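A.B. asks: Turn these sequences into a full structure, and let the hints steer you where they fit.
These protein sequences, in sequence, are chains L and C. Note that the numbering used here gives residue 244 to position 244 of the first sequence, counting from 1, and the numbers run on in steps of one. Note that the numbering used here gives residue 271 to position 271 of the second sequence, counting from 1, and the numbers run on in steps of one.
Please keep in mind that the hints were generated in silico from the structure rather than gathered at the bench. Careful: at least some of the hints might be erroneous.
Quick list of the computed label-pair ranges, beta carbon to beta carbon [to be verified]: (1) L:Ala93 <-> C:Lys68: 49 to 55 Å; (2) C:Leu111 <-> L:Leu33: 41 to 47 Å; (3) C:Leu114 <-> L:Leu15: 54 to 60 Å.
Treat the numbers as computed from the prediction; the structure is a model and nothing was measured. For each residue, glycine too, the CB sits at the ideal point set by N, CA and C.
What follows is each chain in one-letter form.
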Amino acid sequence: MPDRSRLRLVVLGVLVVSLVATLLGRLWYLQVLNAPQLREAAQNQQIHDIVTPAPRGEILDDTGKPFVDNKPSLVVSVNRTALDRLGEDTKTAVLHRLARQLGKPYPLLDHETTPCAYTKVPTSHGTKVVAAPVGAPWYAGPFLPCNNGLAYQPVIVSELKPTLAAAKKALQIKERPEDYPGVTVDLTAVRHYPRPEGAFASSMLGYIQLIGPKQLAALPADERDVFQNAQVGVTGLEAQYENYLRGTPGVKQVSVDHLGAVTGTVKDTAPVAGDNIVTNIDAGTQAALEGQLKDAITAARHSGFTGDYAAGVVLNARTGGVVAMASEPTYPPNTFVPSVKARTYKQLGDALGSPLVDKAFGSASPPGSTFKLVSSAGLMHDGTLAPGGYSDCPTNYRDRQNFEGENGLGVIPLRTAIIVSCDTFFFALADQDWKRDQALINQHKPPREGVQNMTRAFGIAAPGGPGIDLPAAEVAPGHIADRKNTKLNWEAHKKDYCAGAARRPKGSYIQQIDAFNCKYGYQFFPGDQMNEDIGQGTVTVSPLELAVAYAAIANGGTVFKPRIAKAIVSATGKVVKRIKAPVRGHLPLTKYEIGYLRDALYGVTTSRNPLGTAVSTFAGFPMSRVLVGGKTGTAELSNTDENGCWFASIGGPAGDKPQFVTVIEVNKADQGAVSAAPYVRNMWDKLYGFRGNKALFPNGVPPKKLPKVRIVEAGPPRHHGGHHAGGANPDATSTQKAKPTVAASSSSPSALGPPPILPARIERRAAVP
Amino acid sequence: MTDWSESTRSAPISLRRETLRERAMDRDSFLRQLDWVLVAAVVVLCVLGCALVWAAAKPQGLGSTYLKKDILNIAIGSSLAVLAALVDYRTLRAYTPVLYAASLFGLLVVLTPLGSTINGAHSWITLPAGFEVQPSEFAKIAVVLGIAMLLAEKREGRSDPTRNDILLCFALSAAPVLLILAQPDVGSVMVFVITIFGMLALSGIPGRWVGGMLGLAVVGAFFVVHAHLLHQYQLARFQALTHNTSVAAQTFKFNQQQAGIAIGNGGWFGQGLGSGTQTNGQFVPEQQTDFIFSVAGEELGLLGAALVVVLSGVVLWRALRIARYAQDQFGMLVAVGIVCWFAFQTFENIGMNLGIMPITGLPLPFVSYGGTSMFASMIAIGLLQNVKVRSNR
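C.D. replies: Here's what the structure looks like:
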């Protein structure tokens, strides 16, 4: 063999060795170094999750009557990927057909099924993928609908309402699969509102919706897959107690082959039903309050007033539990299930009294003379007025008239000033108060601002709001102006004031206010303090806050963070957690001072001389059995003849500490004593069973014991038979295990528990390219 | 080295015939002459191949069917190997032109309606009773023998082939290469190009020719790609290795990723024969043929997969050794041709499983399921043994 060949043979040998070495090196890389990632990739391909949503917990009243439970319903889902495979024309045709059948706009349906990050927009050359537009003419809801999940997951598109009409629509789709490729009809559980005793409680209960992208992102990464088609609480108690209500979805992990056909079961965990929320709300009281608010509005409107809204709270003064809380006008609790119709949402937004905002806790306005309870406490505490001290009640104080131009009463004690609601009494004290604070400032000392500080001690305009167990975004805290926040406020809004002063027609009412605020808005004037002490002007309070404040006087000084929920009880009836209203603090008042103020409140309803402002309202009320005290409030609304009418009251068995606080606000009506107080009295009649009413609470006390919760029974073993796409029934024994409450195919509700829910087949990953 | 003398190399033909006769009568001595390491490596590869083919076809419910067919293929292949080992060198040389013509005919038939298309390549002839023949596999044998004959024919008294020899080689190989390119089977073409290049280089042609051919290959590849001479899907197979996002490239990339995932899923010791989850889920396409190595990776782990690589390496090592000690230029070139063929095909097949080579339809010798490929590989082993036995006489 020539040398040249021999050498080249060696080269060939070296080449062969290096090729073998390369292969071995790469093999090492894949099977040792990169193995964990590849093994995970393998797992992800082989294992699909079938998520069975857990039955959501119910929300119950204090006697166990459900405000919210679940009902089986037929739902229509669209598998967008399956549709896309049919080609653009067929897909559009199917979606149009489906939109007609479901009675919803096509673009809405299109959006609901399109993955959230993208939406297709037609251009001259085909379609272009752009970010979703915000706001669209065919959808006025708060959230633009889109498919959160991955493209191949079916999206629920039908109305989640357990009505016959909805079922009929769904069945028509199910009967014509050839017309609706990629569209499926399944049985699922939807939120249902039995409205016990006819109570709404809509905004308090809140509603659930398909989980939003933000909420999904907030979940731990390993839970996102499981919850991406979940309905979650968006507002109210549904949102506040989401973590309890939600439960744990069942996850069945099945191994699949390259076509997605099931080849076996890897893991099968049954869903765990969500916990129930037992509330302090009493359905009967809630319904009664809602009725009174409705009557109050009707009466105000009959008398020629706008009467745009009314709101009220019944608080358990001893525990801080919310017994009833309502706002009128309201909306049916199922309005937002599964999503609000564009037209309905717009109507609700535009309606008089804006029903979408619950005025009991979601807005604050000047409380009028009901606030004198707080200012009296403040004036007493900072020494402007001695407890039981006397002061003048003139007809005018520095050009300011007494309320409704009533004549002065001369020098009177504080109690009388509260009973007759003498404004000038408070004007004079407020003036003194202001002057003292100004003197302190001139001495470079901090002002006392006794009323302002007392207000916050009462839980009004306190940092963090009233502290109720509702999402903070829905709760509006009140406001009390002091020197500091007045200046801060002016700095923040000066531009607007000055712009308004320049822009508005000269001499108009608002222009004058703007012009004044532009120039002097940073100052806290004596007039501001005077207004504030009678609950007008720069002080605003929500009915809930006022109820908490009155409860503190009623119970001897404890300021609660009120609680709607009373306990969390698992689906099996186990008490998971008892909820007590946390104590925010105690009033910085002596027992005598609190007693004095409480006595003054009783005077308002009982004193004939001087005549209490609510004596006539409570005429005939058996005060010897149930002693009710209160305070009228009439806040003059700027630029109108109408008033914000309030009545706040405390009451309970005579000779005992008061049990309840009842507050009602009726906006744009006559006067507190006329437009609000009678409805508060009606509430007391109903609470204790006077004037032909049946007592709402048998012994006058809200139940302390927890009600028996409907136990969600573990259903009989159910079979998954034949539900697997293309695969043999993988593991009969494991699927036949008893699964509590939720199983596969049966749709019959079990005798005791809520109906079973069909598993929404949620496939996590696609295996086929 | 010692037996590599001029006298041995130019031994008279009569003597060779005697030897042949002796060999036929005295089987022990013939068997002793065989390269048993090579035999052992091939046997183990075939056994592994059977197991892997069974495991790959099992999820489709065709495990035993494929296993039986594979064993049959190995049996037929072994008979062909024995035949190739026993056949007289001279006969072989004499029949090489016939073989060559026959394989050209086969390649032509493939292009007629008699041929059938599998996976985009029109490479098969369907025979009655469900058999399919891939003439390009036999053409490999024919070309190796043909080139070896051409280059060895005029060796007497000269140290290297003339330019005419080289050009004749090109002409000889051009016909089958073009016919296979028409199928189109780029993988097989690459095997031919590399085998012919290797044989030419090892035949002792001047360095400038070797360099020239390498340069031509580079320029040619560049031209082929930029003149869009490749089919889109052929290009996509290469693009799958890069970050191309065309749909075709994505599909190939997906296939390759699946193979990679299956292999990575095996880890050190594998999931056990027949229990690979990726394999049983049929995530890897063409797993009993092109992607058989991924089954080894997943079910036998690093140890099993490395064994396949090492055994293939042993086959190449023994073939190189046989080339090194070949008695004459013809034998050496045949062995070298087989080395180049096996080396490229093995590296390409395992490399595409491991994601470092583009996807082609080349089977892994002795392991992949496939009759013609098995027969051709076995004949190659027989030829190697033939050369080995001769070199010892």
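A.B. asks: All hints are to be evaluated individually against the structure, with a verdict given for each.
C.D. replies: Here is what the structure says about each hint:
no.	hint	in the structure
1	L:Ala93 <-> C:Lys68: 49 to 55 Å	holds, 51 Å
2	C:Leu111 <-> L:Leu33: 41 to 47 Å	holds, 46 Å
3	C:Leu114 <-> L:Leu15: 54 to 60 Å	violated, 39 Å
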